[in-house]
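From first to last, the protein sequence lines stand for chains A and B.
Per the UniProt record's numbering, the very first residue in the first sequence carries number 1; after that it's consecutive.
Per the UniProt record's numbering, the very first residue in the second sequence carries number 1; after that it's consecutive.
Treat the hints with care, since some could be wrong.
[What the hints assert, rightly or not] BS3-like, lysine-lysine: derived pairs with alpha carbons at most 25 Å apart:
hint	chain 1	residue 1	chain 2	residue 2
1	B	K267	A	K290
2	B	K252	B	K267
3	B	K267	A	K267
4	B	K223	B	K244
5	A	K252	A	K229
6	B	K290	B	K244
7	B	K267	B	K244
8	B	K290	A	K267
9	A	K223	A	K244
[Stated by the list, open to error] According to the in silico footprint, chain B covers these stretches of chain A (three or more CB under 8 Å from chain B):
hint	stretch
10	250-258
11	273-287
12	296-302
[Said to hold, decoys possible] The calculated label-pair distances, taken between Cβ atoms and stated as ranges, are:
hint	chain 1	residue 1	chain 2	residue 2	range
13	A	T238	B	Q323	56 to 64 Å
14	A	E326	B	K325	38 to 46 Å
15	B	E240	A	P157	41 to 49 Å
16	B	K325	A	Q222	58 to 66 Å
17	A	K290	B	M247	23 to 31 Å
18	B	M247	A	G52	25 to 33 Å
19	B	S367	A	E326	42 to 50 Å
20	B	R182	A	R180	40 to 48 Å
21	B	S320	A	R182	54 to 62 Å
22	A	P124	B	M247	50 to 58 Å
23	B	R180	A	E240	42 to 50 Å
Hints are computed from structural coordinates only; laboratory data are not their basis.
Just so you know, even glycine gets a beta-carbon here, dropped at the ideal spot from N, CA and C.
2 protein chains.
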Amino acid sequence: MWVCGALCRTRAPAQLGQRLLPESRRRRPASASFSASAEPSRVRALVYEHHGDPAKVVELKNLELAAVGGSDVHVKMLAAPINPSDINMIQGNYGLLPQLPAVGGNEGVGQVVAVGSGVTGVKPGDWVIPANPGLGTWRTEAVFGEEELITVPSDIPLQSAATLGVNPCTAYRMLVDFERLRPGDSIIQNASNSGVGQAVIQIAAARGLRTINVLRDRPDLQKLTDRLKNLGANHVVTEEELRKPEMKSFFKDVPQPRLALNCVGGKSSTELLRHLAPGGTMVTYGGMAKQPVIASVSQLIFKDLKLRGFWLSQWKKDHSPDQFKELILTLCDLIRRGQLTAPACSEVPLQDYLCALEASTQPFVSSKQILTM
Amino acid sequence: MWVCGALCRTRAPAQLGQRLLPESRRRRPASASFSASAEPSRVRALVYEHHGDPAKVVELKNLELAAVGGSDVHVKMLAAPINPSDINMIQGNYGLLPQLPAVGGNEGVGQVVAVGSGVTGVKPGDWVIPANPGLGTWRTEAVFGEEELITVPSDIPLQSAATLGVNPCTAYRMLVDFERLRPGDSIIQNASNSGVGQAVIQIAAARGLRTINVLRDRPDLQKLTDRLKNLGANHVVTEEELRKPEMKSFFKDVPQPRLALNCVGGKSSTELLRHLAPGGTMVTYGGMAKQPVIASVSQLIFKDLKLRGFWLSQWKKDHSPDQFKELILTLCDLIRRGQLTAPACSEVPLQDYLCALEASTQPFVSSKQILTM
Numbered sequence: 001m002w003v004c005g006a007l008c009r010t011r012a013p014a015q016l017g018q019r020l021l022p023e024s025r026r027r028r029p030a031s032a033s034f035s036a037s038a039e040p041s042r043v044r045a046l047v048y049e050h051h052g053d054p055a056k057v058v059e060l061k062n063l064e065l066a067a068v069g070g071s072d073v074h075v076k077m078l079a080a081p082i083n084p085s086d087i088n089m090i091q092g093n094y095g096l097l098p099q100l101p102a103v104g105g106n107e108g109v110g111q112v113v114a115v116g117s118g119v120t121g122v123k124p125g126d127w128v129i130p131a132n133p134g135l136g137t138w139r140t141e142a143v144f145g146e147e148e149l150i151t152v153p154s155d156i157p158l159q160s161a162a163t164l165g166v167n168p169c170t171a172y173r174m175l176v177d178f179e180r181l182r183p184g185d186s187i188i189q190n191a192s193n194s195g196v197g198q199a200v201i202q203i204a205a206a207r208g209l210r211t212i213n214v215l216r217d218r219p220d221l222q223k224l225t226d227r228l229k230n231l232g233a234n235h236v237v238t239e240e241e242l243r244k245p246e247m248k249s250f251f252k253d254v255p256q257p258r259l260a261l262n263c264v265g266g267k268s269s270t271e272l273l274r275h276l277a278p279g280g281t282m283v284t285y286g287g288m289a290k291q292p293v294i295a296s297v298s299q300l301i302f303k304d305l306k307l308r309g310f311w312l313s314q315w316k317k318d319h320s321p322d323q324f325k326e327l328i329l330t331l332c333d334l335i336r337r338g339q340l341t342a343p344a345c346s347e348v349p350l351q352d353y354l355c356a357l358e359a360s361t362q363p364f365v366s367s368k369q370i371l372t373m
Numbered sequence: 001m002w003v004c005g006a007l008c009r010t011r012a013p014a015q016l017g018q019r020l021l022p023e024s025r026r027r028r029p030a031s032a033s034f035s036a037s038a039e040p041s042r043v044r045a046l047v048y049e050h051h052g053d054p055a056k057v058v059e060l061k062n063l064e065l066a067a068v069g070g071s072d073v074h075v076k077m078l079a080a081p082i083n084p085s086d087i088n089m090i091q092g093n094y095g096l097l098p099q100l101p102a103v104g105g106n107e108g109v110g111q112v113v114a115v116g117s118g119v120t121g122v123k124p125g126d127w128v129i130p131a132n133p134g135l136g137t138w139r140t141e142a143v144f145g146e147e148e149l150i151t152v153p154s155d156i157p158l159q160s161a162a163t164l165g166v167n168p169c170t171a172y173r174m175l176v177d178f179e180r181l182r183p184g185d186s187i188i189q190n191a192s193n194s195g196v197g198q199a200v201i202q203i204a205a206a207r208g209l210r211t212i213n214v215l216r217d218r219p220d221l222q223k224l225t226d227r228l229k230n231l232g233a234n235h236v237v238t239e240e241e242l243r244k245p246e247m248k249s250f251f252k253d254v255p256q257p258r259l260a261l262n263c264v265g266g267k268s269s270t271e272l273l274r275h276l277a278p279g280g281t282m283v284t285y286g287g288m289a290k291q292p293v294i295a296s297v298s299q300l301i302f303k304d305l306k307l308r309g310f311w312l313s314q315w316k317k318d319h320s321p322d323q324f325k326e327l328i329l330t331l332c333d334l335i336r337r338g339q340l341t342a343p344a345c346s347e348v349p350l351q352d353y354l355c356a357l358e359a360s361t362q363p364f365v366s367s368k369q370i371l372t373m
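Looking at chain A on its own, in the form it has when it is part of the complex (with noise of 0.2 Å):
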């Protein structure tokens, strides 16, 4: 059956709102669970229907509306995101892939146009973001069940609630779920310039936290560094900086670090754990550099060094949609007190998603593409 939309092999199917289908099959009697309005909107979305290169196998198609059902609600989607994990579940290198064909985009922010008489906790003009990954953002529009949403205030910055589902919330379990944190005490990460990167540094910075950023040498590092310290970076050293000795002398000044976040692997995560402190925790949450993790047996058995791994949708499923929700409010909390903003970000309208695209798999990018709709 050609189901369109990210259906995810980890879910039951009847928990995911398929309601669209492709308009070059429109004719075909839909299924009991695939009712076609009578009178159709024309939804625009990118859809792949084969793993691979995101530039090769993303399309823009034409798909139709379902009717909204008693607890479904129409959605117009505003802004969605291109988060590497987006490029990853495409690729096929992710730890949930949805059923192809699929619709792109796990994240993104969209307004509530219609609900259906039974849906309780949404109303037309809210704002909304999906509760979990796999609900393919990348669409002009769509109708999906209620409890597939959550509700964000909307006084916040468009781009902020586009981007605030994933990255933020990564950030902040990773700094509060691992190592009790004093105001005072310092962490380090590598990739700090990521989304999940900026957002840690603005939320550290609330939470009185100093930061040790570790970026890749690159031709406008001076130009990088200083946004991250406007953002509340306290310290920006490049990978190469990190493996010198002369880092002894920094670590007199400040304290060592006992969080360490890792989103590359290899050299540079062995740096990390050489710089953290005896009992320390690094934790993973990606792996830019393609490279396992390697920690010395004396690191682990004389340093007690801890390795952790942090993924969002594990955190989702152990925890109740309200905790999610706390989250949520949480971050928009620091949004509203000016603590926290999207990361640098350049608009895309979605017909031009193949630049896009594009643009978010290239080394040194500083700014997150973001499909407009």
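On the provided structure of chain A, position chain B as indicated by the hints.
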């Protein structure tokens, strides 16, 4: 100052009773803290003055016994094992190194000969073991401070008492402190024939846990397998078998382990990680392969595997002497119930230490060398 005895860098010298002087320097005026008795007993001890190959740097020397001060305990050593960590300490490859020259050995059992007037916790005839590493147990007699010793019941076998303070303690803590295991759960370990490995098998069996025991292939595999099964091992597999696809069907019948105990590192630990249940923990307590521990980024993120280390010396620093005594008594209960026996031992007289040192560093040695005095 020439100080004989194992003086740990991490402890204040005053904490350690350094009451032995080399016979060759007996005429040198004793420092205030080194009171030689008027008619010194002849004490034989295995001493090393430099780090290096144990067979080359360890020598049997005659030392002088100090007078028994108010808070001192005169102990006649009965038996002391040669553990891998003793060898590492002599080689200089350990997280805790003594001031040199030092007496070798960190574990063993002795009998109290006499006590100072201020000693209240032990009396002549009692069996005692070291409270902490660094005591230097490979000697016939010594005068220790009371706080350096803890008493053990003398109704347990001598070999059990001599090998109680390190390996069974390590095994017990690793089984209890990292994952909440329930009867029927399984654990996996490599180097299953080591002193810790044999204790793990027995303590796990006493707690209703199933053990999957990994061994290197060897000439006497069947004999060793039978011996481990007699101790309570549920499953014994070789490193080679563990790598085969057939292990998939094995884990249809046996629950995937939530705890892995790694004393090897390198490829062996990679295999343990591969078979761990999602969310499980691998605890590293040794590195026989002299290779680091390697985890893929996806094992950390998507499988949520946790990598930790365990070092009994650190555990003791983090816990009170009473907590260590409680642990010892718990293990003595298991010994009395017949649920915990000493590892297969070869008793070797102290003067034959060279044979014992050589045997303890051979591969595939299936019995622990115990020096008897």
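Hint-by-hint comparison with the structure:
Taking the CA atoms of K267 (chain B) and K290 (chain A), the gap is near 19 Å; set against the 25 Å cutoff, the hint holds. Taken as a hint, the K252 (chain B) and K267 (chain B) pair is honoured in the structure, with Cα atoms around 24 Å apart against an allowance of 25 Å. As the CA atoms of K267 (chain B) and K267 (chain A) are separated by approximately 19 Å, the hinted pair is consistent with the 25 Å bound. Straight-line distance between C-alpha atoms of K223 (chain B) and K244 (chain B) comes to about 23 Å, which keeps the hinted pair within the 25 Å bound.
A distance of roughly 21 Å separates the Cα atoms of K252 (chain A) and K229 (chain A); the hinted pair therefore holds under the 25 Å criterion. Simply put, K290 (chain B) and K244 (chain B) have alpha-carbon atoms about 24 Å apart, close enough for the 25 Å limit, and the pair holds. In summary, the hint linking K267 (chain B) to K244 (chain B) is supported, as the alpha carbons are separated by about 14 Å, within the 25 Å threshold. Restraint check for K290 (chain B) and K267 (chain A): the C-alpha separation of about 19 Å stays at or below 25 Å, so the hint holds.
Only pairs whose Cα atoms come within 25 Å are accepted, and K223 (chain A) paired with K244 (chain A) is accepted, the gap being roughly 23 Å. By the rule of at least three residues with a Cβ nearer than 8 Å to a Cβ of chain B, the coverage given for the stretch 250-258 of chain A is violated, with 0 such residues. Counting residues of the stretch 273-287 of chain A whose beta carbon lies closer than 8 Å to any beta carbon of chain B gives 4, which reaches the threshold of three, so the coverage claim holds. For the stretch 296-302 of chain A, the assignment as covered by chain B holds, since 7 residues bring a beta-carbon within under 8 Å of that chain's beta-carbons and 3 suffice.
With their beta carbons about 45 Å apart, T238 (chain A) and Q323 (chain B) fall outside the hinted range of 56 to 64 Å. The hinted window of 38 to 46 Å between E326 (chain A) and K325 (chain B) holds, with their beta carbons roughly 45 Å apart. A beta carbon spacing of about 59 Å between E240 (chain B) and P157 (chain A) contradicts the range 41 to 49 Å that was offered as a hint. Checking the proposed 58 to 66 Å range against K325 (chain B) and Q222 (chain A) shows it holds: the Cβ atoms sit about 60 Å from each other.
Checking the proposed 23 to 31 Å range against K290 (chain A) and M247 (chain B) shows it holds: the Cβ atoms sit about 26 Å from each other. Taking the beta carbon of each, M247 (chain B) and G52 (chain A) are about 32 Å apart, inside 25 to 33 Å as hinted. Checked against the given bound of 42 to 50 Å, the beta carbons of S367 (chain B) and E326 (chain A), roughly 58 Å apart, lie outside it. Checked against the hint of 40 to 48 Å, the pair R182 (chain B) and R180 (chain A) fails, with Cβ atoms roughly 28 Å apart.
The hinted range of 54 to 62 Å is not satisfied by S320 (chain B) and R182 (chain A), whose Cβ atoms lie roughly 25 Å apart. Checked against the hint of 50 to 58 Å, the C-beta distance between P124 (chain A) and M247 (chain B) comes to roughly 56 Å, which is consistent with it. As the Cβ distance of R180 (chain B) to E240 (chain A) is approximately 43 Å, the hint placing it in 42 to 50 Å holds.
In the structure shown, a violation is registered for the earlier hints numbered 10, 13, 15, 19, 20, 21, in ascending order.
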